[in-house]
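As they're listed, the protein sequences go chains A and B. So the mapping is simple: this note's numbering equals the position in the first sequence, first residue as 1, plus 746. So the mapping is simple: this note's numbering equals the position in the second sequence, first residue as 1, plus 46.
Don't read these hints as lab results, they were simulated from the structure. Fair warning: there could be bad hints in the mix.
Covered stretches of chain B, going by a simulated chain A footprint (3 or more residues, C-beta under 8 Å) [as the list claims (entries may be wrong)]: (1) 74–88; (2) 93–103; (3) 106–116; (4) 168–177; (5) 180–187.
Straight-line alpha carbon distances no greater than 16 Å define the calculated EDC-like cross-link-like pairs of lysine to aspartate or glutamate that follow [claimed, not checked]: (6) B:LYS215 <-> B:ASP161; (7) B:LYS214 <-> A:ASP780; (8) B:LYS217 <-> A:ASP780.
Non-contacting residues of chain A with respect to chain B, defined by C-beta distances greater than 12 Å in every case (computed) [stated by the list, open to error]: (9) ASP761; (10) VAL770; (11) ALA773; (12) GLU777; (13) ALA779; (14) ALA786; (15) ARG789; (16) VAL791; (17) ALA807; (18) LEU811; (19) SER812; (20) TRP815; (21) ALA817; (22) LEU838; (23) ILE839.
All figures in this text were calculated on a predicted structure; none of them were measured in a lab. Here a beta-carbon is modelled for each residue, glycine too, at the ideal position from N, C-alpha and C.
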Amino acid sequence: MSCQQSAQVHAYHDDALAASERKVLEAHLQECADCNQLLAELRGVSNLIAAAPLAPLSPQAMARLSGSWRAARDHGLLRITSWLTAAAAAVLIGALLLFPDRNPSTSPSFVATSTGEASWETVAVMPPLDADENVPELIVLATWMANDLSHGAGGAGERQ
Amino acid sequence: MIDDTELLNQIGRGDPDACRTLLERHGHYLFGVAHALVGNAADAEDLVQETLVGVLGSRFRGESSVRTWLVRILTNQAGMLRRKPWRRAGHAGLDETPSPAGPATSAGGADARLDLATMLAALSLEHRQVLVLRELEGLSYEEIAEALHLPRGTVESRLFRAREDLRKKFKGYL
Numbered sequence: 747m748s749c750q751q752s753a754q755v756h757a758y759h760d761d762a763l764a765a766s767e768r769k770v771l772e773a774h775l776q777e778c779a780d781c782n783q784l785l786a787e788l789r790g791v792s793n794l795i796a797a798a799p800l801a802p803l804s805p806q807a808m809a810r811l812s813g814s815w816r817a818a819r820d821h822g823l824l825r826i827t828s829w830l831t832a833a834a835a836a837v838l839i840g841a842l843l844l845f846p847d848r849n850p851s852t853s854p855s856f857v858a859t860s861t862g863e864a865s866w867e868t869v870a871v872m873p874p875l876d877a878d879e880n881v882p883e884l885i886v887l888a889t890w891m892a893n894d895l896s897h898g899a900g901g902a903g904e905r906q
Numbered sequence: 047m048i049d050d051t052e053l054l055n056q057i058g059r060g061d062p063d064a065c066r067t068l069l070e071r072h073g074h075y076l077f078g079v080a081h082a083l084v085g086n087a088a089d090a091e092d093l094v095q096e097t098l099v100g101v102l103g104s105r106f107r108g109e110s111s112v113r114t115w116l117v118r119i120l121t122n123q124a125g126m127l128r129r130k131p132w133r134r135a136g137h138a139g140l141d142e143t144p145s146p147a148g149p150a151t152s153a154g155g156a157d158a159r160l161d162l163a164t165m166l167a168a169l170s171l172e173h174r175q176v177l178v179l180r181e182l183e184g185l186s187y188e189e190i191a192e193a194l195h196l197p198r199g200t201v202e203s204r205l206f207r208a209r210e211d212l213r214k215k216f217k218g219y220l
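Turn these sequences into a full structure, and let the hints guide you.
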């Protein structure tokens, strides 16, 4: 094609010209046979693409895609739960580092009393009763939370 | 019938039925486009799979139809999939630009239509990406540029080159 307007014809075909440019090109198309032919062929290419059949997806491939998507979603849930676990443990460890000398007698107890008169808050976060007495409470609690949430995360993947 | 946007919301809430419905609704189309982009069924399936995973980590902002949004993710993933090392090591397909000896057709015969993968087979992946977004989804140059993270001028030049190649190659069909 000898005409220098071919790029403009492409843009015209894509309706990507400004109004003033479009007017100029439409005037040019009135007198340029090459550009007219180019425009007709570009429309032909677009029509061919629009009419072209797509490759079919087999039922087997559809089933594989469905299964792998579900697995990816479950894996994502598992990862989010793991992050939450890590975040919870980090907060507790941070609290321990910030307040290392807290007096156990003035801080809330996380262990049920010997008389079994624990409040509901105490029971809700109660760590294992066989915890080592030499390990600080917050460490015990952080470990317990991490283990407990990890169990929950494992369960998320098994539900499906 | 639940619309696509609501399906995406349900998928976000972890509804497995919504996943299945969205896949049944758009899976065939996505696979067909993926096949045209990468040139073979195995890579196309991988590409759709990566697209579905991408859906889980993306947010639909309602700026287009859900189908167009999915195709945008798909064309982007096609570029990323090609850059994966294990593919460069020897997985066929993504970098191949097979050049059919003549215009193949889906069913044969004088009036048979060209299938899309055959039409695009001679183009590079970069050219196929812009062509798919422009011709199949009707995205503007700016929208394609945004979708593929390219300058607008690059989109224009790739589209120009891709169409010129197709125009010459399939002149007999025009």
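Numbered hints the structure breaks, given as an ascending list
Violated hints: 3, 4, 9, 14, 15, 16, 17, 18, 19, 20 and 21; rest satisfied.
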